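Chemist: These are the residues of each chain, in order.
There are 2 protein chains.
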Amino acid sequence: MRQSHLFTKTRKEAPRDEESTNAKLLIRGGFINKEMAGVYAYLPLGLRVLNNISNIIREEMDAAGGQELFMTVLQDKDTWERTGRWDDKVVDSWFKTSLKNGTELGLGFTHEEAIAKIMTNHIASYKDLPLYAYQIQTKFRNEARAKAGLMRGREFSMKDLYSFSKNKEEHETFYEKMKDVYMRVFTRLGMGDKTYLTISSGGSFSKYSYEFQTISDAGEDTIYIVDEEKKIAINKDDFTDEVLADFNVTVAKDDLRQERSIEVGDIYSLGHKFSEAFGLTYKNEQGEDELVYMGSYGMSPSRLMGAIVELNHDDNGIMWPESVAPYRVHLVNLHAQNDEVSAFADEIYTALQGAGVAVLYDDRREAGIGEKLKDSDLVGIPLRAIISEKNGAQIELKKRKEKDAHLVSKEQLLSLVSK
Amino acid sequence: MRQSHLFTKTRKEAPRDEESTNAKLLIRGGFINKEMAGVYAYLPLGLRVLNNISNIIREEMDAAGGQELFMTVLQDKDTWERTGRWDDKVVDSWFKTSLKNGTELGLGFTHEEAIAKIMTNHIASYKDLPLYAYQIQTKFRNEARAKAGLMRGREFSMKDLYSFSKNKEEHETFYEKMKDVYMRVFTRLGMGDKTYLTISSGGSFSKYSYEFQTISDAGEDTIYIVDEEKKIAINKDDFTDEVLADFNVTVAKDDLRQERSIEVGDIYSLGHKFSEAFGLTYKNEQGEDELVYMGSYGMSPSRLMGAIVELNHDDNGIMWPESVAPYRVHLVNLHAQNDEVSAFADEIYTALQGAGVAVLYDDRREAGIGEKLKDSDLVGIPLRAIISEKNGAQIELKKRKEKDAHLVSKEQLLSLVSK
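Protein sequence lines correspond, in order, to chains A and B.
Mapping to this note's numbering: the first sequence position 312 is 312, numbers consecutive.
Mapping to this note's numbering: the second sequence position 317 is 736, numbers consecutive.
It is possible that part of the hints are untrue.
With a cut-off of at most 27 Å between alpha-carbon atoms, the simulated DSSO-like pairs for lysine-lysine come out as follows [stated by the list, open to error]: (1) Lys829(B) <-> Lys283(A); (2) Lys585(B) <-> Lys127(A); (3) Lys34(A) <-> Lys829(B); (4) Lys519(B) <-> Lys147(A); (5) Lys453(B) <-> Lys34(A); (6) Lys127(A) <-> Lys822(B); (7) Lys829(B) <-> Lys791(B); (8) Lys100(A) <-> Lys428(B); (9) Lys496(B) <-> Lys96(A); (10) Lys100(A) <-> Lys702(B); (11) Lys34(A) <-> Lys496(B); (12) Lys546(B) <-> Lys374(A); (13) Lys147(A) <-> Lys496(B); (14) Lys519(B) <-> Lys166(A); (15) Lys147(A) <-> Lys515(B); (16) Lys77(A) <-> Lys546(B); (17) Lys89(A) <-> Lys431(B); (18) Lys283(A) <-> Lys453(B); (19) Lys692(B) <-> Lys9(A); (20) Lys587(B) <-> Lys9(A); (21) Lys12(A) <-> Lys546(B); (22) Lys820(B) <-> Lys100(A); (23) Lys273(A) <-> Lys496(B); (24) Lys372(A) <-> Lys702(B); (25) Lys428(B) <-> Lys34(A).
Have a look at the derived ranges for each label pair, beta carbon to beta carbon [to be verified]: (26) Ser834(B) <-> Thr103(A): 54 to 62 Å; (27) Ala343(A) <-> Ser512(B): 38 to 46 Å; (28) Gln353(A) <-> Ala774(B): 53 to 61 Å; (29) Ala63(A) <-> Asp511(B): 43 to 51 Å.
Chain A residues, not near chain B, derived (Cβ > 12 Å throughout) [unchecked claim]: (30) Thr10; (31) Lys34; (32) Leu45; (33) Asn51; (34) Asp78; (35) Asn101; (36) Thr103; (37) Gly106; (38) Arg188; (39) Gly192; (40) Leu197.
Derived from the structure by calculation, the hints contain no laboratory data.
Given the structure is predicted, the values throughout are model-derived calculations rather than measurements.
All residues carry an ideal CB built from backbone N, CA and C; glycine is no exception.
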């Protein structure tokens with residue numbers, strides 16, 4: 001992509017009412033636009049990052065046997081009354097609206113009810129189980145305060161997978177597997193080393209459930225590290241002697257390290273709660289009706305995007321991990337007014353594109369050298385390749401995360417990025 | 420995809436309250452689930468079709484210079500009051516909701532206001548223009564009645580592109596180009612021969628605008644064919660002597676053929692309406708401020724999916740055009756209980772996958788022969804390849820749209836689908 005064609009411009013300042021580091025940098029870099037607190041539009045660079053994150057998640061869900069579907073935002077009252085979750089006293093984050101005839105509707109903040117109902121049309125026999133279905137879709141939460149940028153959205157992107165098993169045992173096999181699947185996603189997003197499988201209270205369905213928490217000062221949660229090697233932690237809310245005993249933690253409570261953290265995923269055993277409410281049963285091998293055993297597995301691509309920025313930035317801007325970066329190479333022509341330099345820069349651009357490398361090419365004639373270098377740091381593409389009068393037929397390469405630059409030839413650059 | 424793993428099942432009957440042919444067939448085939456009138460979830464097969472349609476549109480928008488972004492569902496009242504479109508008396512199809520502090524919000528049914536506001540941060544100079552931005556996103560319309568299946572959704576998928584030009588002349592060059600781009604999309608979707616560029620009244624911004632109308636008895640509109648060769652028509656609502664004169668139609672009014680049709684796209688010149696409301700200006704070459712000249716170009720992937728089914732079905736089910744079909748080949752093993760037959764069917768499945776062909780493989784052991792053939796017709800994959808005891812090492816090929824089948828060898832099949 002030629003930067004002279006990219007419609008977004010960088011900005012020196014983020015909106016004054018923006019408090020979070022992730023949204024400030026993403027707005028300044030032209031990745032997102034703030035529509036209101038907790039509601040952001042994704043501009044071309046931001047959409048590329050969001051899609052890269054979603055596609056990594058999609059690949060891992062598909063590999064785990066997930067089948068993708070796409071449910072609806074509009075949710076009907078009767079469906080949610082069956083589980084008691086329609087009442088604003090039970091769920092305090094509904095956005096509600098209504099049809100012209102007055103029928104009340106809600107905007108989905110999760111989809112257990114919707115998918116359990118759908119599955120009554122498709123699950124009949126033990127032969128249909130287990131099955132796993134997921135979606136990546138926009139969800140809504142009417143947060144009283146939304147000050148954490150992409151990390152706490154009123155409108156946000158969510159991957160939610162639901163598992164349908166014959167019984168608790170079959171469920172638990174998949175539930176255990178998903179712990180690894182989730183850790184693989186975080187590793188691919190470059191945050192595996194800071195992410196902990198975190199024990200928390202299980203809600204109404206089981207004694208314990210698991211969250212995934214990533215250490216960051218920008219986080220709204222606090223965890224205690226129980227096992228550094230196995231990457232296990234306990235949420236502060238559940239840091240009791242009983243829980244420590246249940247998980248055989250022998251280290252003294254005071255000796256466990258405390259960290260601020262971002263919740264980046266959660267996995268729940270739902271038991272029969274939803275299958276009971278919707279009559280979601282299957283015939284077992286004896287021809288008897290049994291309730292389906294459900295689980296749900298959430299992870300928000302947009303929140304992850306915010307978390308990645310919190311974990312990967314310096315004073316000058318973002319430092320995208322290669323796996324999610326909007327482009328792999330930022331080709332910067334420092335002297336675009338010089339025809340000879342521009343001819344060489346064009347040649348490198350064409351060669352990189354020919355090698356299938358995603359390149360953002362700063363070919364702007366008006367921008368100054370300082371502006372180009374500042375913009376490049378702000379936008380945070382992993383590898384910067386500078387073409388300039390001084391460098392001649394050499395290209396100055398610098399990784400965004402490193403200080404040192406070095407000169408390479410065209411051939412060396414192509415061989416390097418083809419790896 | 421092995422059909423024994425696909426979680427959706429076909430159904431003999433659609434819900435009783437479903438009137439439209441497209442939704443009836445799509446529900447029976449397991450493509451969509453009806454959540455309420457005008458609101459459908461996309462199940463795995465349906466999502467594949469919807470994505471295929473969206474990707475064709477995306478390719479054509481990218482080729483026309485469009486840059487993809489992703490705006491928000493939640494819309495803020497102040498923004499829409501600036502153009503007078505917040506009032507329910509002006510726009511009667513809003514879904515509205517509110518924040519906890521009482522602030523009113525709307526669910527976006529279009530995004531002219533939102534994108535004009537965003538562009539004030541990115542357009543400054545004549546050098547930034549023209550530019551084209553689009554999204555493919557979920558939109559909401561509070562329709563009083565929604566009985567046309569995917570063709571009139573309360574929640575539906577929309578591609579909306581917006582053009583930003585220096586002046587009317589620059590705008591019109593792109594507007595003319597988009598007529599061809601749209602026709603190319605319809606051609607790729609297999610509906611080019613039935614789709615007409617249709618003159619309609621221009622709304623508040625210009626005397627005329629254009630819709631694209633596809634002939635179908637399921638349509639809610641009526642058009643008069645003005646030029647069969649150039650594929651031009653006039654909407655019944657605008658079929659007046661004045662309009663005929665403006666477009667130099669010399670054929671007598673009574674001689675023009677009348678057809679029922681589905682509106683599958685529309686393109687509007689917006690002039691300065693939105694740029695004026697949001698102060699969207701640019702500096703011209705003389706350094707003076709001028710208003711940006713806008714256009715908008717809509718097309719709904721979900722409505723197109725409904726229209727495609729209306730245009731491509733028979734009494735037995737859907738007949739997907741190859742460009743949007745969920746899979747290209749339906750491999751049907753009629754005798755999955757027979758190990759020898761199944762070994763051969765597995766071999767063909769592996770070979771087709773190896774050749775990069777998208778295959779749905781009916782490997783179900785329990786389903787009977789009649790059920791498998793009926794399901795295959797209902798789901799409507801373009802090419803059916805039957806493996807059976809009778810056929811031995813031969814494969815019986817039949818196109819969904821044709822009557823005659825013929826036997827081929829494995830090698831012939833592979834060479835055929837590799838084309």
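Chemist: So, for every hint listed, does it hold in this structure?
Modeler: Against the structure, the hints:
1. Lys829(B) <-> Lys283(A): violated (39 Å)
2. Lys585(B) <-> Lys127(A): Outside the cut-off at roughly 63 Å; violated.
3. Lys34(A) <-> Lys829(B): violated (56 Å)
4. Lys519(B) <-> Lys147(A): holds (15 Å)
5. Lys453(B) <-> Lys34(A): Not OK: Lys453(B) and Lys34(A) at ~34 Å, beyond 27 Å, violated.
6. Lys127(A) <-> Lys822(B): Roughly 34 Å separates the two Cα atoms, so the pair is violated.
7. Lys829(B) <-> Lys791(B): With Cα atoms ~21 Å apart, Lys829(B) and Lys791(B) stay inside 27 Å; holds.
8. Lys100(A) <-> Lys428(B): The hint is violated at about 34 Å.
9. Lys496(B) <-> Lys96(A): Holds: Lys496(B) and Lys96(A) sit about 16 Å apart, inside 27 Å.
10. Lys100(A) <-> Lys702(B): violated (45 Å)
11. Lys34(A) <-> Lys496(B): holds (15 Å)
12. Lys546(B) <-> Lys374(A): It holds: about 21 Å lies between the C-alpha atoms, which stays within 27 Å.
13. Lys147(A) <-> Lys496(B): holds (21 Å)
14. Lys519(B) <-> Lys166(A): Violated: Lys519(B) and Lys166(A) sit about 41 Å apart, past 27 Å.
15. Lys147(A) <-> Lys515(B): Holds, because 23 Å separates the two Cα atoms, which is no more than 27 Å.
16. Lys77(A) <-> Lys546(B): violated (51 Å)
17. Lys89(A) <-> Lys431(B): Cα-Cα ~41 Å, so violated.
18. Lys283(A) <-> Lys453(B): Judged against 27 Å, a Cα distance of about 25 Å means the pair holds.
19. Lys692(B) <-> Lys9(A): Roughly 24 Å between the alpha carbons, so the hint for Lys692(B) and Lys9(A) holds.
20. Lys587(B) <-> Lys9(A): holds (25 Å)
21. Lys12(A) <-> Lys546(B): holds (20 Å)
22. Lys820(B) <-> Lys100(A): Since the Cα atoms of Lys820(B) and Lys100(A) sit roughly 42 Å apart, the hinted pair is violated (cutoff 27 Å).
23. Lys273(A) <-> Lys496(B): violated (39 Å)
24. Lys372(A) <-> Lys702(B): Measuring from Cα to Cα gives roughly 22 Å; hence the hint holds.
25. Lys428(B) <-> Lys34(A): violated (42 Å)
26. Ser834(B) <-> Thr103(A): 54 to 62 Å: holds (56 Å)
27. Ala343(A) <-> Ser512(B): 38 to 46 Å: Violated: the Cβ-Cβ distance is about 54 Å, outside 38 to 46 Å.
28. Gln353(A) <-> Ala774(B): 53 to 61 Å: violated (28 Å)
29. Ala63(A) <-> Asp511(B): 43 to 51 Å: Taking Cβ atoms as reference, Ala63(A) and Asp511(B) lie about 47 Å apart, which means the hint holds.
30. Thr10: Not fine: 10 Å to the nearest Cβ puts Thr10(A) too close to chain B.
31. Lys34: The assertion about Lys34(A) is violated, with a minimum of 10 Å to chain B.
32. Leu45: violated (10 Å)
33. Asn51: Given that some Cβ of chain B is not farther than 12 Å from that of Asn51(A), nearest at about 9 Å, it is violated.
34. Asp78: The assertion about Asp78(A) is violated, with a minimum of 10 Å to chain B.
35. Asn101: violated (8 Å)
36. Thr103: violated (8 Å)
37. Gly106: Per Cβ check, Gly106(A) is inside 12 Å of chain B; nearest 9 Å; violated.
38. Arg188: Non-interface label on Arg188(A) holds, nearest chain B Cβ at 22 Å vs cutoff 12 Å.
39. Gly192: holds (27 Å)
40. Leu197: The assertion about Leu197(A) holds, with a minimum of 28 Å to chain B.
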